[in-house]
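A.B. asks: Okay, here's what each chain looks like letter by letter:
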Amino acid sequence: MAKATFKIWRGNSEGGEFKSYDTEISEGMVVLDAVLQIQGEQAGDLACRWNCKAGKCGSCSAEINGNPKLMCMTRMNTLPVDEPITVEPMKAFPLKKDLVTDVSWNYEVKKRIKKFKPRTPDAPDGTWRMQQTDIDRVQEFRKCIECFLCQDVCHVLRDHHKHEEFIGPRFLVYAAALEMHPLDTENRLKDLKDDGNIGYCNITKCCTKVCPENITITDNAIIPLKERVVDEFYDPITKFLKLFRKK
Amino acid sequence: MSEYQTFEHDVLVIGAGGAGLRAAIEASAAGVSVGLVCKSLLGKAHTVMAEGGMAAAMANVDDRDNWKVHFSDTMRGGQYVNNWRMAELHAKEAPDRVRELEAWGAVFDRTKDGKILQRNFGGHRYPRLAHVGDRTGLELIRTLQDHGIHQGIEVYMEVTVIALLKDGERVVGAFAYEREHGRFRIFKAKAVILATGGIGRAYKITSNSWEGTGDGHSLAYDAGAELIDMEFIQFHPTGMVYPPSVRGILVTEGVRGEGGVLKNSEGTRFMFDDIPDNYKDQTADTPEEGWRYTQGDKNARRPPELLTRDHVARCIRREVKAGRGSPHGGVYLDIAWIKEKLPNAAEHIKKKLPSMYHQFKQLADLDITTTPMEVGPTTHYIMGGIRVDGDTQASTLPGLFAAGECAAGINGANRLGGNSLSDLLVFGKRAGEYAAKFALENNFGTFDNAQIEERARWALEAFDRESGENPFAIQNDLQEMMQDLVGIVRVEEEMQQALEGIKDLRERREKISLTGNIDFNPSWHTALDLHNLLNVSEAITLAAIERKESRGGQFRDDFPSKVAEFGKVNFIIKKGAGGQMEIRSERIPEMPEELKQIIEEMG
Numbered sequence: 001m002a003k004a005t006f007k008i009w010r011g012n013s014e015g016g017e018f019k020s021y022d023t024e025i026s027e028g029m030v031v032l033d034a035v036l037q038i039q040g041e042q043a044g045d046l047a048c049r050w051n052c053k054a055g056k057c058g059s060c061s062a063e064i065n066g067n068p069k070l071m072c073m074t075r076m077n078t079l080p081v082d083e084p085i086t087v088e089p090m091k092a093f094p095l096k097k098d099l100v101t102d103v104s105w106n107y108e109v110k111k112r113i114k115k116f117k118p119r120t121p122d123a124p125d126g127t128w129r130m131q132q133t134d135i136d137r138v139q140e141f142r143k144c145i146e147c148f149l150c151q152d153v154c155h156v157l158r159d160h161h162k163h164e165e166f167i168g169p170r171f172l173v174y175a176a177a178l179e180m181h182p183l184d185t186e187n188r189l190k191d192l193k194d195d196g197n198i199g200y201c202n203i204t205k206c207c208t209k210v211c212p213e214n215i216t217i218t219d220n221a222i223i224p225l226k227e228r229v230v231d232e233f234y235d236p237i238t239k240f241l242k243l244f245r246k247k
Numbered sequence: 248m249s250e251y252q253t254f255e256h257d258v259l260v261i262g263a264g265g266a267g268l269r270a271a272i273e274a275s276a277a278g279v280s281v282g283l284v285c286k287s288l289l290g291k292a293h294t295v296m297a298e299g300g301m302a303a304a305m306a307n308v309d310d311r312d313n314w315k316v317h318f319s320d321t322m323r324g325g326q327y328v329n330n331w332r333m334a335e336l337h338a339k340e341a342p343d344r345v346r347e348l349e350a351w352g353a354v355f356d357r358t359k360d361g362k363i364l365q366r367n368f369g370g371h372r373y374p375r376l377a378h379v380g381d382r383t384g385l386e387l388i389r390t391l392q393d394h395g396i397h398q399g400i401e402v403y404m405e406v407t408v409i410a411l412l413k414d415g416e417r418v419v420g421a422f423a424y425e426r427e428h429g430r431f432r433i434f435k436a437k438a439v440i441l442a443t444g445g446i447g448r449a450y451k452i453t454s455n456s457w458e459g460t461g462d463g464h465s466l467a468y469d470a471g472a473e474l475i476d477m478e479f480i481q482f483h484p485t486g487m488v489y490p491p492s493v494r495g496i497l498v499t500e501g502v503r504g505e506g507g508v509l510k511n512s513e514g515t516r517f518m519f520d521d522i523p524d525n526y527k528d529q530t531a532d533t534p535e536e537g538w539r540y541t542q543g544d545k546n547a548r549r550p551p552e553l554l555t556r557d558h559v560a561r562c563i564r565r566e567v568k569a570g571r572g573s574p575h576g577g578v579y580l581d582i583a584w585i586k587e588k589l590p591n592a593a594e595h596i597k598k599k600l601p602s603m604y605h606q607f608k609q610l611a612d613l614d615i616t617t618t619p620m621e622v623g624p625t626t627h628y629i630m631g632g633i634r635v636d637g638d639t640q641a642s643t644l645p646g647l648f649a650a651g652e653c654a655a656g657i658n659g660a661n662r663l664g665g666n667s668l669s670d671l672l673v674f675g676k677r678a679g680e681y682a683a684k685f686a687l688e689n690n691f692g693t694f695d696n697a698q699i700e701e702r703a704r705w706a707l708e709a710f711d712r713e714s715g716e717n718p719f720a721i722q723n724d725l726q727e728m729m730q731d732l733v734g735i736v737r738v739e740e741e742m743q744q745a746l747e748g749i750k751d752l753r754e755r756r757e758k759i760s761l762t763g764n765i766d767f768n769p770s771w772h773t774a775l776d777l778h779n780l781l782n783v784s785e786a787i788t789l790a791a792i793e794r795k796e797s798r799g800g801q802f803r804d805d806f807p808s809k810v811a812e813f814g815k816v817n818f819i820i821k822k823g824a825g826g827q828m829e830i831r832s833e834r835i836p837e838m839p840e841e842l843k844q845i846i847e848e849m850g
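The listed protein sequences correspond, in order, to chains A and B. Heads up: the first sequence begins at 1 in my numbering, then just goes up one per residue. Heads up: the second sequence begins at 248 in my numbering, then just goes up one per residue.
Honestly, the hints are just simulated from the structure, not real lab data. Even glycine gets a Cβ: it sits at the ideal position worked out from N, Cα and C. You may find that some hints are simply not true.
Label-pair restraints from in silico Cβ distances [to be verified]:
(1) 91/A to 720/B: 32 to 42 angstroms
(2) 191/A to 814/B: 53 to 63 angstroms
(3) 219/A to 712/B: 53 to 63 angstroms
(4) 571/B to 155/A: 55 to 65 angstroms
Make the full structure from the sequences, and use the hints.
C.D. replies: This is the structure:
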């Protein structure tokens, strides 16, 4: 059986360092298996989050050899094992311990986005009718497992630390799912402009690249939302007509 | 005494999967203050792993469906040891609970006329599972989460409860620690709801996450509540078997619902070889008829791959034992074959089963649209749990309620796929409603600090040992032992060995020593969880020994047949006066005439 060396970040908000661990690699193993093996055999207090181990819960986000990924979906045979594999916590959030970061900011942001508000049921049985073609796009957004890797790579958050001003790709996708929901009647465009600062996104598509659910974040969610915001607030013709209407 | 941070809520919900969230929403709607404690981050609970859908007789796809058919399917699947009242309420209320989710923003797949689409699943007579591709659990939990965060519920993430607090017999709160710094927390509550999910981590091969350590079962038991039906564990027939590191990860029954077939190494569809008598009338005679059923032909009967999970799991085991298994000890699940029947089959499969496609592609380098999967049984669900009243979800202790997987009754000896998600909603709602009612009628109780100090000392003692046992090693040994000795096929002698083994492991647990400090220390968390795993393992084993017959999730090699007398009883587990585990049988209450009639009419 092959051996691999892992350099795992150990530390807390006050500081830390990479520590090296050698561990056996067996067939089909993913990085999370190796980390848990190290935890079980050599470092019982190595902190990491995980739950489903099948890419469905979005708990085990980390940066593996510098790439933001889910540890449970990163197979060892996709990494070069002749050199040490680094595993570090996400960088856009404060560190709690080792691989565990404080992602509570994300939960606060979500609360600020106006909730789903359906139109009055209009089918004879007191519910609604929706066509599959009308919900395909929303279903794409609702695949999101909230791993926050898109937030992690967004330079507005990662490099410029605009957490107070910008809601990040995850919540633009969340808002898009609500705005494009065929039953929803709420309007979130002003909030997206003023509170979410959607304009900060300059479409570098880093978020789309790292999404483990392959959601087309930039093209399908952010750009259409930007267009809607522009139409509502900056379109000269609409602006002119609105002016006219007021009189 | 030490000063621990204390929180007060009218209703405290422990567990934030589907049942806990639904309970919290309902209690909050009744106007009481609600605290929701979750072991992980919000929205990560095991509910996200549910794939196939939630069963509700909405009759959107087949208008012959109604609650009576669903009720009789559930009772038949559970081999009639179910709590019939729960099965009745569940069948009646599930459709409303699904529609409510839609009103809260869930986006289910649609029928051509724009209604919620329903799919076929094992043991359900008609297409009944509302679903979103094969990620229905995620849709459910996210919908509840996104609705719940606007209801004024206080959420405590990454907090683990280690004891229920009591005022005499009544439960009046919980004692917990937060993960980040290991600080203890006291939660005072007028009513407590347990919604902690399952016990899968007691077994080596499981579809469950690390959280499934039977916390609610064990907390209730330690507090003096009764457990019921603990011998009934569901081994899901189709878990991944290869590569080794993914062994146990679930492969949704939806694969078979969409036309997937099971084959052995000789290429035979072995499920046709053994069809139980009580399902003969409902099962297809030929592969052709089975295929037509999966494609919506109302005159066709379902293929034998969609028999109940207990039966399919045993058939797979039989094939493997007889030397007709796949190279890695499973059998073949083939959905790729539908290309013989459908144009664009590959696209169809990716659309209907996107997570499965993704999962196999990424974890096993296998394209399910061209190649059969290797699958085998995996520990998936426990039918047994905290004994509750069918209407109110009240446990046998005042002030303590339970809902979801940790509660028991609706499923009897075997759960039908899809009944879990609807169970969470129906009984989560009921638990929330009745816990709120209890809270409005009662004051906060009092508890003596000795309970807390004793538990705090117990929780911390492993830090004081210089050297000793590794908690992860004990957990591994327990998992191996339960897998080998109290697994799919059971015999008395092996289970007696397991009881001895549990005793040894309990002693080893007392000798655990930990490295590192108390901050986010998984070895400490594992050491505490082990107490719960050992409690549930013992309960499972004791109950499995007592039920000297084979029924549903319990298969006894030494008693391979069903025994009519055992069909009339449930086994109840309770902590004895001396602290030892006690078991007794109790007769199942007589079913009312109208329900009996439904079962007779439905055949």
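A.B. asks: Determine for every hint whether it applies to the structure shown.
C.D. replies: Hints and how they fare:
The hinted range of 32 to 42 angstroms is satisfied by residue 91/A and residue 720/B, whose Cβ atoms lie roughly 34 angstroms apart. A hinted range of 53 to 63 angstroms for the beta carbons of residue 191/A and residue 814/B is consistent with their spacing of about 59 angstroms. Range check, residue 219/A to residue 712/B: Cβ separation about 57 angstroms, and the 53 to 63 angstroms hint holds. Restraint check, residue 571/B to residue 155/A: a C-beta distance of roughly 56 angstroms satisfies the suggested window 55 to 65 angstroms.
Checked against the numbered hints given earlier, this structure breaks none of them.
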